[in-house]
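Chemist: Please build the complete structure, drawing on both the sequences and the hints.
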Amino acid sequence: FVPTFLGAHDIPDEYRERRADYVRLVIEEMLPRVAAERLAEYADVFCDDAAFTVDESRRILEAARIHGLGLRVHADQLSLSGGAMLAAALGAATADHLEHTDAAGIEALKAARVQPVLLPASVYALGHKLYPAAREMIAAGLSVVLATDFNPGSSPTVSMPMVLSLATTQMKMTPAEAVTAATINAAYSLGRGDQLGSLEEGKRADFCLYDCADYRELAYFFGIEHAHAVYIDGRLAFSRASTPTTT
Numbered sequence: 052f053v054p055t056f057l058g059a060h061d062i063p064d065e066y067r068e069r070r071a072d073y074v075r076l077v078i079e080e081m082l083p084r085v086a087a088e089r090l091a092e093y094a095d096v097f098c099d100d101a102a103f104t105v106d107e108s109r110r111i112l113e114a115a116r117i118h119g120l121g122l123r124v125h126a127d128q129l130s131l132s133g134g135a136m137l138a139a140a141l142g143a144a145t146a147d148h149l150e151h152t153d154a155a156g157i158e159a160l161k162a163a164r165v166q167p168v169l170l171p172a173s174v175y176a177l178g179h180k181l182y183p184a185a186r187e188m189i190a191a192g193l194s195v196v197l198a199t200d201f202n203p204g205s206s207p208t209v210s211m212p213m214v215l216s217l218a219t220t221q222m223k224m225t226p227a228e229a230v231t232a233a234t235i236n237a238a239y240s241l242g243r244g245d246q247l248g249s250l251e252e253g254k255r256a257d258f259c260l261y262d263c264a265d266y267r268e269l270a271y272f273f274g275i276e277h278a279h280a281v282y283i284d285g286r287l288a289f290s291r292a293s294t295p296t297t298t
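Take 52 as the starting number for the sequence shown in this note's numbering and just add one per residue.
Hints are computed from structural coordinates only; laboratory data are not their basis. The C-beta atom is built at its ideal place from N, Cα and C for all residues, glycine as well. Some clues are possibly wrong.
Stated by the list, open to error - For each label pair, taking beta carbons as the anchor points, the in silico distance ranges come out as:
#	residue 1	residue 2	range
1	Ala227	Leu181	35 to 41 Å
2	Ala191	Glu68	39 to 45 Å
3	Phe289	Ala154	39 to 45 Å
4	Glu113	Glu68	24 to 30 Å
Modeler: The following block contains the structure:
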């Protein structure tokens, strides 16, 4: 697990009429404690018209950086809010969602070397029609990441095969691009690319064995559990043939 602090996801009801007080609470009380107790490696802000403004997001993220936290941004999910531009301006590690990000935002992310994290299961679960422009991002040379966005409000799934399927059918990624985005690109987005994300000598042996004749079946079939066995740090953590074990 690589923890991220997302105290700025929404304005609580009791602060609706005094937004500035909540932003101040995040900056002056929450972030210092998170950093002091080493509760997270990154800080994130939901920068959108329905959440935090660009100015509010900038202030929170700049404060997070002062406390030694890496930066992530929920960007342009519900509107073209300037979130991608902010992520680029601050040199964030990632910009997430990006459903409404335009060509200028994509170029800004490329110039700042910010990785886009695309969350198609959230689009599906919310019943929205607009998916991130994955093909344009890949064409621009961005190292796209895929993730579930698992949460009870907008993406109640932990199924990466479902995400791979949505990536290929709705965002027109190839199966190879989708698998790359879900593995090695994801590892680099967490600052772990030298340790995880691919089967290479010297890296930690985290991998799955799948009941598939071809890797493309991971994206082709959805709603099916392909995993036959899961290994973490070289040790069997799950097997269909036996109970979970660490030996």
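Chemist: What are the numbers of the hints the structure violates, in ascending order?
Modeler: 1
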